[in-house]
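Please build the complex by placing chain B on the supplied structure of chain A, with the hints as guidance.
Below are the chains, spelled out letter by letter.
Protein chains: 2
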Amino acid sequence: MDSKYNIVSIIRKKRDGQTLEKEEIQHLIREYTADAIPDYQVSAFLMACFLNGLNDEESAALTESMLHSGTVVDLSEISGKKVDKHSTGGVGDKLSLILAPIVAAAGVPVPMISGRGLGHTGGTLDKLESIPGFTVDMNLDRYKEIIGKHNLVLAGQTAEIAPADKRLYALRDVTATVESIPLIAGSIMSKKLAEGIDALVLDVKAGSGAFMKTTEDAIKLGEALVGIGTQFEKETIAYVTNMNQPLGYKIGNWLEVEECIDAMHGEGPDDIMEITHLLSGTMIYLGGKADNVKEGIEISKKMIASGAAFQKWLDIVEEQGGDVEMIKSPNKYPKAEYEFVIKADCDGYLSEMNSYEIGMASVEMGAGRKKKEDDVDPQAGIILKKKIGDKISKGETILMGYTNKPSAIEAASDKLFGAVTIAESKPDDTHLVSHIIDKDGSRAFEL
Amino acid sequence: MDSKYNIVSIIRKKRDGQTLEKEEIQHLIREYTADAIPDYQVSAFLMACFLNGLNDEESAALTESMLHSGTVVDLSEISGKKVDKHSTGGVGDKLSLILAPIVAAAGVPVPMISGRGLGHTGGTLDKLESIPGFTVDMNLDRYKEIIGKHNLVLAGQTAEIAPADKRLYALRDVTATVESIPLIAGSIMSKKLAEGIDALVLDVKAGSGAFMKTTEDAIKLGEALVGIGTQFEKETIAYVTNMNQPLGYKIGNWLEVEECIDAMHGEGPDDIMEITHLLSGTMIYLGGKADNVKEGIEISKKMIASGAAFQKWLDIVEEQGGDVEMIKSPNKYPKAEYEFVIKADCDGYLSEMNSYEIGMASVEMGAGRKKKEDDVDPQAGIILKKKIGDKISKGETILMGYTNKPSAIEAASDKLFGAVTIAESKPDDTHLVSHIIDKDGSRAFEL
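Sequences listed follow chains A and B, in order. Position 248 of the first sequence, counting from 1, maps to 1247 under our numbering, and the rest follow consecutively. Position 293 of the second sequence, counting from 1, maps to 1292 under our numbering, and the rest follow consecutively.
If we strip away everything but chain A, and leave its shape as in the complex, we get (with noise of 0.2 Å):
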């Protein structure tokens, strides 16, 4: 123990609203990772951050701290500027695993390690996990190989990569100090950082679908998050994005994967496309390939158009061990044992769509995990036949559920349909982007 700090003095200066030195949170996590502190004192001290806040400093020396507490990846043997993008956990969303291949095959290397489903959202590891034979394990040295060969790689998080917010982040949950804006923030770019990016691209989802439920606070997590890639002089730009509805008419691992292949053969939903084009051209201007965001997006529409982000997918799979033909024929994909139909008790225009409760149905039906230990199904889940402003008739299918738990369908059924509004005027339109959290407001554009 470094007789220099004292971690109950570290956690009454918390509590007492003051502002910590770089020093104490190096000292605080080192012990920590190091086991020379027990969890009932960090927990103390993470609900005094949870209620008195981390001001950007903090932030940046918390983010440090968990970052230099495992490896931090050399990408720098691999040519050009590699970016990543991350969002903070919706409903359907699906977007990493477009955005991904299209970024690669405009020539900017993504480096991409996901996480796992958490609550009511979906992880990008399980959705490709999904795809038989596919693996998402694998050691730095792998992780490098493959970039390097493709300009991508889809991995996920390794025991070396900041194993003190693994930590943290497994006590926050059961102390009732995850919904921290701070605390989410330093979590995110710990392992972002760790991964050997030079740019970022994050999608802030706000709405009943995301962990943030307002505009308001996803843009304080934005404002945090691109503050911490500034300061570690990584160009980071977040857009906030609505989470009112899922994105896309598919939820659930494998129909996810199934929509993201429409999605590079040019058959995607408008919002999917919106929003995949908007991130990967940002991404693309990053990483030094278009001059502007603008561009970038055209650029990303034309890896769609010509083939090359599917043939790019192709690569990463077979790569991966994943089965090709899955993709090439998803048709021959095996369905879920059971599906059922919610249809509109009424006439009028489906208004609201309750993403969280649509998230948490997903789970009972097997898509998503209950326990960390809980295996998920890659069949399960839902099919949109109706978005939010669509037209409906009395006795028409709002959406259909695939499960292999007959056992769930009921209450399922019952929350899927106490998620969905039906009014009788058409509710106004809701932009799908509704701000850019961006340092150097020269690359501002308009939406």
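There's no promise every hint is true.
[Said to hold, decoys possible] Covered by chain B, per the in silico footprint, the following chain A stretches (three or more residues, Cβ under 8 Å):
(1) 1007 to 1019
(2) 1046 to 1056
(3) 1170 to 1184
(4) 1292 to 1298
If you're looking for bench data, these hints aren't it; they were derived computationally from the structure. Where a beta carbon is used, it is the ideal one built from N, C-alpha and C, also for glycine.
Relative to chain A, chain B alone:
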């Protein structure tokens, strides 16, 4: 685990500033006492309580839950209203040793369970144990036997009394969650209510030598304590008293016993006697042996003048195994091996004494504990030769230090010298007792 309550939801509720149900607090304390909830969840809860507070009902529920985590002593077989006094702790605060025999001699049973020294403050148990042979450890049968025989018992906290408070207190100590008014109030009151009392007088200290540094905070704590007492239908009166200089002239375990013996012989310092008679007079009034506090104070003075208090003191020392000869001839007590002098370095008036620093110096010298496991030295301590307002000349002695640890002298001397301020002009007099907190306003009187 009671499935109706979820500990993470309870933490979240308090984190978000909501009011907890009584059953939620009961659940948390019950499960924690049963080892069904880990420390790391309770410490996050405690920090949320620290920062967001607890209202009167929540404080009462916390107190009740801790109270009922162990035995609540039934003293109904002892006739008369049982009255105790509790001080929030100060430096040189030896009042319990004087007032307990006074009140018992006046016919009011005093079932007193005390604590040990904490931080810079002394503890009644340590003072009592400086009397050779005196024991404070006893089971509840013996506790009842002694009070039945003498109207007085001076005991230590047993494992049967409020075990939840004991665990929570230890956790607060290492998680920077000690100085919370509702948590302090719950801790004090759960122990006091478990003793079997009918009424309680509280001495809430304010100032440099107290845990509450400001009168404002002391009033808040007093109100919280009286609020809880009232909810449990125990008559409770609190006084806020000044702790900007040590009480009396002697600090240290046996030194304080000596000063108490002087006081019981009618030779106590003015400040000690003023507060002692106020507190014991109030106890005598609440015990039904006086019509008002003023009359109680007169009776208290008579108990000293008649020698009845000193006789009660001799009886209880003998009953609890102490060496009565040492009480009769305190000059026989062995002296500490080393003494040192702190002298004035200029002429003037003694204007400030930082009691916290004086208390910490006495801890250095052996009179208190740095860690819970430390032994205390009964001989170590300080004798003040001057107090605030006294005229002093350069070279004159301010205080004497006594210790058996020669290695501690230098640091303790520096601390003591630094704790004293000499000014050119005489400081204004301050009131010893600044506030009365009494729900039944009719008992209030001019101080």
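A quick look at each hint next to the structure:
1. Beta-carbon proximity to chain B at under 8 Å applies to 5 residues in the region 1007 to 1019 of chain A; the threshold of 3 is reached and the given coverage holds.
2. Remark: the region 1046 to 1056 of chain A is confirmed as covered by chain B, as 5 of its residues place a Cβ nearer than 8 Å to a Cβ of that chain, reaching the required three.
3. Beta-carbon proximity to chain B at under 8 Å applies to 5 residues in the region 1170 to 1184 of chain A; the threshold of 3 is reached and the given coverage holds.
4. Remark: the region 1292 to 1298 of chain A is not confirmed as covered by chain B, as 0 of its residues place a Cβ nearer than 8 Å to a Cβ of that chain, below the required three.
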